[in-house]
Amino acid sequence: MPASSPDTPATRPVIRFAKGRSRRFRAGHPWIFSNEIEMTSDAKSLPPGSLVTIQDAGDEKLAVATFNPHSLIAARALSRDWTEAVDAAFLARRLRAALALRDTLFPTPHYRLIHSEADGLPGLVLDRYGDVLVAQVNSAGMERLTPLLLDALTEVLAPAAIVLKNDSPVRGLEGLALEHRVALGAIDGPVELIENGCRFLADLDGGQKTGWFYDQRDNRAFAAGLAKGRRMLDVYTYAGGFAVQAAMAGATEIVAIDRSEHSLELAARSAELNGARVTWVRAEAFAEMARLHSAGERFGMVVVDPPAFVKSKKDLQAASKGYRKMVRLAAPLVEPGGFLLAASCSHHMPLDLFTDEIAHGLSQAGRTGRILRRSGAGADHPLHPMVPESAYLKAVTLQLD
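Here my numbering is used: the first residue of the sequence shown is 7, the next is one more, and so on.
Treat each hint with caution, since some may be false.
What the hints assert, rightly or not - Restricting the straight-line Cα-Cα distance to at most 25 Å, the calculated cross-link-like pairs of lysine-lysine (DSS-like) are:
hint	residue 1	residue 2
1	215	67
2	67	50
3	317	215
4	320	331
5	317	327
6	319	215
7	331	317
8	25	50
Please keep in mind that the hints were generated in silico from the structure rather than gathered at the bench.
Please work from the sequences and hints to get the whole structure.
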């Protein structure tokens, strides 16, 4: 759904707050919910993703935003200066600001370049693999701006390829269809990236999400340091991020488990790039952890980093028990004095509840220990200060007695 015409601030449609409902937005929150605005017939008739000027009940102009009359999050602010035109130049300015930050943080061009609201481009996730970019567009507003975004990306980064991996279920909440296409250039097999000094391959076609989970960068480095001189088990290894980095840090032996043959093949190729020795095991995680325990296997470092168990808020209480069981199975595999890193990428799983489930799992396994570190995603996944719930990644590292 391309933008139908250039953005002209003076003639934009206007969306008004209901009386007394603008306080939260004025305090800095980037979203406006449907029950906070006057949902007039004119507002309801606007095409999803339209650019609008936000006004309060007294007609003071507050911002320019994208608007979707069919979504719970009705408006997403792009700028608090309503006179700012949203065009390719606007998007290029946001991209350059995000690029300057990442180039300050990282020595190589391999990172999340845009993390939605925190980088001033709500509804957009953009990962960089050198001269290849992978975008996930998750809002109707960003969908309409995609043609301009492609122009801005070409201007700022001159990429060899841009992949639109618009397959996230959240698009359904915005009335958007799923798609996966190469919007610029061509992709011929996995692309290479560098993380913490190690080389990896990311599958931008058949891989999960945007191909690589940059969010675990800092946690992988921390786990690799703990694994030095120890035997390590990496459960749900996916593309081998924890396993390969631990091998390069000096782990004595590494066993990595995943149920996907494709993922293990790609992980093995990454290990070869680094000269890392890893034993790859195709198996279902819970069953294999139980088997290893029965076989008397013990490890100095165990990592359990599963896909999201909690898919929606209504599933929270039932699905959260999966983390308890995961820790109950993982803890017996940790030798006394060894380390356990348990992670959750479930957006709906609060850190406190995740920590409680870990504690229950340890208790059921008859183990005690101490939390060394509670962490989240790396600095290329910044958070908007008014949207703390977007801190989806949780990682808890413990030493067990």
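Fill in: Structure-inconsistent hints, enumerated in ascending order
Hint 1 is the one this structure does not satisfy, whereas the remaining hints hold.
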